[in-house]
Amino acid sequence: MNDKRPVNLDIGTIQLPITAYVSILHRVSGVALFVISGLFIWMLDCSLASDESFTALQGILTHPLVKLVLWGMLAALAYHLVAGIRHMFMDFGVGETLEGGILGAKLVLVIAAILIAFAGAWVWL
Amino acid sequence: MAVTNVTSFGRSGLSDWIVQRVSGVVLTIYLLVIAGWLLLTPEVDFASWKALNSGLCIRILTVFAVLSLAAHAWIGMWGVLTDYVTVRLMGPKATLLRVFLQLGMIAVIFVYVVWTVAILWGK
Ligand code: HEM
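Protein sequences, first through last, are from chains Z and E.
Positions 1371 to 1495 (the numbering used here) are the ones given, in order, by the first sequence.
Positions 87 to 209 (the numbering used here) are the ones given, in order, by the second sequence.
I should point out that these hints are in silico values taken from the structure, not numbers from a laboratory.
Mixed in with the good hints there might be a few duds.
Stated by the list, open to error - Below 20 Å or equal to it, Euclidean Cα-Cα: the simulated EDC-like pairs (lysine to aspartate or glutamate) are:
| # | chain 1 | residue 1 | chain 2 | residue 2 |
| --- | --- | --- | --- | --- |
| 1 | Z | K1437 | E | D102 |
| 2 | E | K136 | Z | D1461 |
| 3 | Z | K1437 | Z | D1415 |
| 4 | E | K136 | Z | E1466 |
| 5 | E | K136 | Z | D1421 |
As the structure is a prediction and not an experimental result, all values here were calculated from the model.
Using the sequences and the hints, build the whole thing.
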């Protein structure tokens, strides 16, 4: 066999289009949200059980590391939501062309980035 | 002939597809209501938060949201597991592992729903 034949399975040289990143991030954020939902329900529990547990939760949420985690949770939620809405637009045939798909993917990244920045401001300010 | 799968959510892929979208919309509505309240309420404290979550409308919305979460996560995680935990990718043990993971997932979802209802009406 000819050893010199070109093989292109070197992952580092394969360029994925922006639409592929937007798609896989939707999947990753969805799986993450499955776990994160438990944390949100736990927060709902603490915040409603009693005055003391509400205050205790507020206390926990002042910790810088906890703030970072909360921001990550909100970021996954914001991204998944925006990409999910785009998904539904595409289900109705909006933005299904090559150009439309790329534009939609960019819009998802921009809108999600704005929401995530906003969530960061809300968590820290 | 329709392919049936006992661990999928609805009776067909089409019904799963619709449930996935409707549940996504319900979750979005719930999240917008809560986010809007948190941003617009001048004094977010235990009393105001408790008052909000004592209203019948918000409780019904919350229950709708957690039921949507249950259906949505069930369908979504089923899709992910049946994509990656397969005999083709992992060998013959995959089927047993996947059923195991799916049962675990269903148990977690069940806890989420019961827990949320208990938070709202328990004690
Ligand atoms: C909050 C809890 C949520 C969880 C745990 C969750 C989880 C998931 C998972 C695991 C998937 C499968 C991803 C895949 O197969 O690639 C998925 C898909 C999807 N999610 Fe969510 N999600 C949540 C919220 C939302 C919200 C708020 C929306 C609103 C827009 C949404 C819209 C969608 C859509 C449209 C799909 C279908 C994608 C497809 O058919 O390929 N999700 N979700």
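Going down the list of hints, with the structure as the test:
1. Note on K1437 of chain Z and D102 of chain E: the hinted pairing is violated, with a Cα-Cα distance of about 36 Å set against a maximum of 20 Å.
2. Of the pairs offered as hints, the one joining K136 of chain E and D1461 of chain Z is violated, with about 39 Å between alpha carbons and a cut-off of 20 Å exceeded.
3. Using a Cα cut-off of 20 Å, the hinted pair K1437 of chain Z and D1415 of chain Z holds, with the two alpha carbons roughly 19 Å apart.
4. For the proposed pair K136 of chain E and E1466 of chain Z, the alpha carbon gap of about 45 Å is over 20 Å, so the pair is violated.
5. Straight-line distance between C-alpha atoms of K136 of chain E and D1421 of chain Z comes to about 9 Å, which keeps the hinted pair within the 20 Å bound.
Hints 1, 2, 4 from the earlier list are contradicted by this structure; the remaining hints agree with it.
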